[in-house]
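Protein chains: 2
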Amino acid sequence: MEFQLITKDTKSRARAGIIKTDHGEIETPIFMPVGTAGAVKAVHMKDVYDDINAQIILGNTYHLYLRPGLDIIEKAGGLHKFNGWNKPILTDSGGYQVYSLSGTRKLTEDGVLFRSHIDGSKHQFTPERVMDIQRVIGADIMMAFDECTPYPCDYDYAKKSLGITHKWLDRCIEHFNNTDPIYGYQQTLYPIVQGSVYNDLRKESAEYIASKGAEGNAIGGLSVGEPAEMMYEMTDLVCSILPEDKPRYLMGVGTPVNILESIALGVDQFDCVMPTRNGRNGMLFTKNGIINIKNEKWKDDFSPIDPEGTSYVDQQYTKAFLRHMFVAREMLGGMIASVHNLSFYLWLVKEARKQILAGTFAEWKDMMVPRLAQRL
Amino acid sequence: MEFQLITKDTKSRARAGIIKTDHGEIETPIFMPVGTAGAVKAVHMKDVYDDINAQIILGNTYHLYLRPGLDIIEKAGGLHKFNGWNKPILTDSGGYQVYSLSGTRKLTEDGVLFRSHIDGSKHQFTPERVMDIQRVIGADIMMAFDECTPYPCDYDYAKKSLGITHKWLDRCIEHFNNTDPIYGYQQTLYPIVQGSVYNDLRKESAEYIASKGAEGNAIGGLSVGEPAEMMYEMTDLVCSILPEDKPRYLMGVGTPVNILESIALGVDQFDCVMPTRNGRNGMLFTKNGIINIKNEKWKDDFSPIDPEGTSYVDQQYTKAFLRHMFVAREMLGGMIASVHNLSFYLWLVKEARKQILAGTFAEWKDMMVPRLAQRL
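Those protein sequence lines, which keep their order, are chains Z and R. First residue of the first sequence? That's 62 in my numbering, and the numbers climb one at a time after it. First residue of the second sequence? That's 62 in my numbering, and the numbers climb one at a time after it.
Isolated chain Z, as found in the complex:
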């Protein structure tokens, strides 16, 4: 993997760049739609390609490991072959789902013992195992195995957890270096900065992670319930330490406003279930604010979903029709909202990139943030 930094904004730390992988290039800043089980929820693959214009999608290691399972993915020739997505894929380490989904789990220095949320079967994730799993999945970008601390998290726990995360990182790197890609294309490994909301821990972690010289670096453990200002403060601190010539990935973030604010702090990659999950609940993000389409006020609004939207669905369907789909509990409602929201997120980062290249990002961001946050 290669990262080319093209422009740095002069009034913020925003940057425009290009990540080059064996599955193609990614223009940064970029939003990566989440494809939990190997497919973006409720969206046809052709729409992920052609309508949403995604450049990279994310797969969840925990989910893919349990279903369809590594045997099937390896037989298929990797996740790209299995799901038909021929552009870059990033996989998380599975850690987050182990903590949030599995019924029982036991954290030790060695790794995590857990039970499947599907059938209760017992499994163990260790740093080495998680590297092996991501080799089999065949992600272009693999993530280190870490502990994502919750919020709030007391200082002592955060410090102890960080120690484990760093030790696990060294084991991840060693095992990654001692193994080869299975499918003939390169894979890369991003380490993850943790440290909860504590400045000294975040600083320590960012310095430790930076010292590893990875091709890209991630910031984890944020957007887990802490106030947005705290998230920005931590992101700011970490971005000031992580190397400038490598992409920075802020995991699990966030709202359109979160994304613009974090781009301004120097983040290049984002992922979040919000556009699809909230979409399935009737929340639409637009450049003029947020629509709850289930609201009575849209029942006879026959204007397009988003007259300025870039997606097919924005012009094809009216607000009144989409509201009707949600009220009647038709799957099509969630399908439409998912395509709309993902198209909007991809538009947002593309436009941010344009503004960075034009030297107008800071002003544009200040104009957009209040618009994006308002309720329509």
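None of these hints come from the bench; they were simulated from the model. Check each hint, because a few of them may be wrong.
Copies of the same chain are indistinguishable here, so a pair counts whether it falls within one copy or spans any two.
[As the list claims (entries may be wrong)] Straight-line distance between alpha carbons at most 25 Å, and here's what the computed DSS-like set of lysine-lysine pairs gives:
(1) Lys102 x Lys355
(2) Lys415 x Lys69
(3) Lys307 x Lys228
(4) Lys358 x Lys142
(5) Lys183 x Lys136
(6) Lys355 x Lys142
Here the structure of chain Z is known, so what remains is to put chain R in place on it, guided by the hints.
Below, chain R alone, put in the same frame as chain Z:
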């Protein structure tokens, strides 16, 4: 509406024709995808147009009347404007759902009193009211209000019910003739033959319906649980009486085999929830037979869903991937299967039409029927 009979098969009663409506032409025989609440379930409108190549879709009067309601549909300018489908639409009379869905209903000579299955509110459908509702929906083809008798149904009930259906038909026709379309394009009314599985009642009904000189005629009360042979026998009898120069619509039918057998008996129009409903349960219809994609045997079959299929999904996704979507309970599974099945149904009637035009329908049908019925 106009019907042009183009070719009659010499070895069966199959016909190829064209129905001309103000929203465009329909090549018969045709299958009409069901759009219960105004949209085909789990399928984007662009795919109904471009991938499935539907020529006409069906809306359910009962559902649309309750949600979004007539006020919204009228404000939108009719269902075509509301849902963005600019080709022909047929609506049923709502009777079938009143009997099958609503909690309590009371049938009188005047009409049916029923409670909404959604909120328990009280409503009345009469022949006149149902004509008014379909005027507001703006269907190109409206259906007469009838009682769809269940199976089994004793002779006395069937006879009495038929009397009511015929009286209601006269009231429908009178009210239809005394009212005008609301949106500036023509609408037409199909009467419905009933009579359960009794030859004399079916004959009486077909003769009565034929005497009305409608622009198209429907056969109702079949495919409600009776053996297929009985359905064919009734269809055969009724088709021999209904005028040859008008399209014949066999309501709620059926499997691919049912459709080919009924085309051979002289039917021109079909609708059924089977391709979408069974699709959402993992059943795929193909020209080589029926696939239960949830079956273990497909878990590592990385061949396309249907190598000979005409739809985008047939080539984009593999059987193993589609099975994974169903096992992981992803909406995308039902979405893929719905598009596949509808594309297949539309291919089937298009191919049947080609064979009729080529004079080879009977042989082709005999070759296809055993293939279509087998389990893969």
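Results of checking the hints against the structure:
Within a single copy, Lys102 and Lys355 get their C-alpha atoms as close as 20 Å, and across copies as close as 19 Å, so both meet the 25 Å cut-off. For the identical chains of this complex, Lys415 and Lys69 are intra-copy neighbours only, at 12 Å inside a copy versus 62 Å across copies, given an alpha-carbon limit of 25 Å. For a Cα distance limit of 25 Å, the shortest separation of Lys307 from Lys228 inside one copy, 22 Å, qualifies, whereas the shortest one across copies, 79 Å, does not. Only between protomers do Lys358 and Lys142 lie at most 25 Å apart by alpha-carbon distance; the minimum there is 19 Å, versus 45 Å within a single protomer.
Taking the closest pair of Cα atoms, Lys183 and Lys136 come within 25 Å of each other only inside a single copy of the chain (23 Å); across copies the shortest separation is 57 Å, beyond that limit. Only between protomers do Lys355 and Lys142 lie at most 25 Å apart by alpha-carbon distance; the minimum there is 20 Å, versus 38 Å within a single protomer.
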